[in-house]
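Peer 1: Okay, here's what each chain looks like letter by letter:
Number of protein chains: 2
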Amino acid sequence: MRLGIVGGGQLARMLALAAAPLGVRCRVLEPAADACAAVAAEHIRAAYDDPAGLRRLAEGAACVTFEFENVPVASLDYLVDHAPVFPSPQALATARDRLVEKTLFNDLGISTAAFRAVDTREDLDAAVTALGLPAVLKTRTLGYDGKGQAVLRAAADADAAWAALGGVPLILEAFVPYGREVSLIAVRGLAGASVFYPLTENSHRGGILHLSLSRANDPMQAPAQEYARRLLNALEYVGVLALELFEVDGELLANEFAPRVHNSGHWTIEGAETSQFENHVRAVLGLPLGRTEATGAAAMINFIGHMPSREAVLRLPAVHLHDYAKAARPGRKLGHATLCAKDEKSLRAHLPSLLALAEGDAL
Amino acid sequence: MRLGIVGGGQLARMLALAAAPLGVRCRVLEPAADACAAVAAEHIRAAYDDPAGLRRLAEGAACVTFEFENVPVASLDYLVDHAPVFPSPQALATARDRLVEKTLFNDLGISTAAFRAVDTREDLDAAVTALGLPAVLKTRTLGYDGKGQAVLRAAADADAAWAALGGVPLILEAFVPYGREVSLIAVRGLAGASVFYPLTENSHRGGILHLSLSRANDPMQAPAQEYARRLLNALEYVGVLALELFEVDGELLANEFAPRVHNSGHWTIEGAETSQFENHVRAVLGLPLGRTEATGAAAMINFIGHMPSREAVLRLPAVHLHDYAKAARPGRKLGHATLCAKDEKSLRAHLPSLLALAEGDAL
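First to last, the protein sequences are chains A and B. Going by the working numbering, the first sequence opens with residue 1, and the numbers climb by one from there. Going by the working numbering, the second sequence opens with residue 1, and the numbers climb by one from there.
Keep in mind that the hints were calculated from the coordinates and are not lab data. Predicted model, so just to flag it, every value in this text is computed and none were measured. You may find that some hints are simply not true.
The calculated lysine-lysine pairs, modelled on DSSO-like cross-linking and capped at a C-alpha distance of 30 Å, are [what the hints assert, rightly or not]:
#	chain 1	residue 1	chain 2	residue 2
1	B	147	A	342
2	B	147	B	333
3	A	333	A	147
4	A	345	B	345
5	B	147	B	342
6	B	342	A	345
7	A	147	A	342
8	A	326	A	345
9	B	333	A	342
10	B	345	B	326
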């Protein structure tokens, strides 16, 4: 049984490593020569829209999935004609456009920050008037890890924001003075059954996820699941979906969703009964879903721009290393580590050593 | 960082899958075209004693290890001159010869069944007289999974046993009326530190391991560890070693040891903090060893000769599938599954469904 994956980065790598024990081989389509997924997958080195590459990806695949949402539309059109593609191109199209995404959230009764479409300089002024300041101007498509965004704190910031981002479809969002950011990793199977992982609490640095903590028995679990369930069912979704939420005064506002396995779910590899990667593979291939219960408390920390020494990480008890074997570059996600503990107290006791390593401190 | 492995079967496969997250790539030497380790390793398709193959295996490898003990001696001689080889060829040579192995056990004060070397038909008669019957005649080398053995229940069985096995160096062992068979997975690092997994209790069928149960707080843990510690230190061992023991009237008799990761340690992938595979990789590369504590109760069942349907296995809660993606043949180990539970009671409740699947029953 073979699974095709558009993209050959670390998400494809971890999908392939999770697929292997199930007897599922992966084939990835990735133009980069040093695709880190190639450690456990056959690598088709071609552009994401290369016809011969797409043909080889679809050929004999029980399903084709992807590790990022910006798959070229023409590629998706080709793939859906030649193999089952999950999640659906419709789910990708929704996630790709912040305006479509947030409109769907609201249509489903999922609260969000107030927002307005901004296509012209005049639209921006009208949106600022309607939403007030501060507010965040974002490109509707192709934003990630904090890129394609500008914060407007005063009316005078509008010119600079427009100069930086104007010319493509934009969205202005009211600034959310949130208490914390959480994400819910949800999985829906081919037959419509859904399972949900315990909430993850996330901290960012420079727009990139820095630290995730699994949250057993979080009071926001039920409302987050209810939001996710509406979204999964409305999209007739198949696979793993990550719903990012802000908590504001005890209420959840949906920020965005990722139609794929997600960095904030990496802790599930060791910290849950079935990892998000295995469950994505199970879901898109129509296999029964695995249990999502946490096996204890878990914290995941990203290694961004530099990897600590392998020895130093492995010397820490109960820490699991994931080195993506990528060349180091500033701001690049090179690996992560997950700390597992029986309970939150023990987790908090061991976390500082791991955090120090991620900072590049010598231990 | 690269690790070379002689052999490309399921043990190499699971080593490679465990090595990848550590940023360690594996290269395997395996003559079979369908080496199942190739899913996560570079495959050198050549005989185990092919000079060009051995050269490529050693080239640039931080270490070379192996997944079986019958590596040709000439190959080991070549490898030790071109790369660090762990465990040492001396450990392999000891494990390969039942007489040398059992003699070492006794020299270290490790109890075994009584035994005698048998090189001639006359030796056999003398050994039968010395040990009494029943007894088991075994080839000193190349035996595995019950092959190369004959049970003598009466003096009249000697002729048939000699006819079947005579002509190569043999050993006669007194029959052990054991209560149970247990194994201890032990790991010794390059700097000499050792860690031990909880004991495993094993059941065989037709000479092949069928079921393993992890045993938390087993009364035999301490004596088994003491035996293993003597062996590890005497051999200046580096890597994972599996010590197989019989329990007879509350005492342990060592049967044999395997100088490698072992089928009875497969439950550690999901059932222990660090798997035997990751700890072998860590040990032979000189990295710090990981914790060996069980995370709950675990049972591992082998799929021999036929694989149950993927759907049926994945439908069972808390069961982890390992399909080696090998062609089915009678008596061939094709995969295994591990059932994890909070405690032994819950494990016993869920085990029958998994056992039924392994029998090929429809569920």
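Peer 1: Hints first: check each against the structure and report whether it holds.
Peer 2: Hint-by-hint comparison with the structure:
1. Between residue 147/B and residue 342/A the CA atoms are separated by roughly 44 Å; this puts the pair beyond 30 Å, and the hint is violated.
2. For the proposed pair residue 147/B and residue 333/B, the alpha carbon gap of about 15 Å is at most 30 Å, so the pair holds.
3. About 15 Å separates the Cα atoms of residue 333/A and residue 147/A, which keeps this hinted pair within 30 Å; it holds.
4. A threshold of 30 Å between alpha carbons decides the hint, and for residue 345/A with residue 345/B the separation of about 27 Å falls inside it, so the pair holds.
5. Between residue 147/B and residue 342/B, the direct Cα distance comes to roughly 37 Å. Violation of the 30 Å bound is thereby established for this hinted pair.
6. With a CA separation close to 20 Å, the supplied pair residue 342/B and residue 345/A stays within the 30 Å bound.
7. For the proposed pair residue 147/A and residue 342/A, the alpha carbon gap of about 37 Å is over 30 Å, so the pair is violated.
8. Restraint check for residue 326/A and residue 345/A: the C-alpha separation of about 34 Å exceeds 30 Å, so the hint is violated.
9. For the hint pairing residue 333/B with residue 342/A, the CA-to-CA distance comes to about 35 Å; that exceeds 30 Å, so the pair is violated.
10. With a C-alpha separation of about 34 Å, the suggested pair residue 345/B and residue 326/B falls outside the 30 Å cut-off, and the hint is violated.
Hints 1, 5, 7, 8, 9 and 10 from the earlier list are contradicted by this structure; the remaining hints agree with it.
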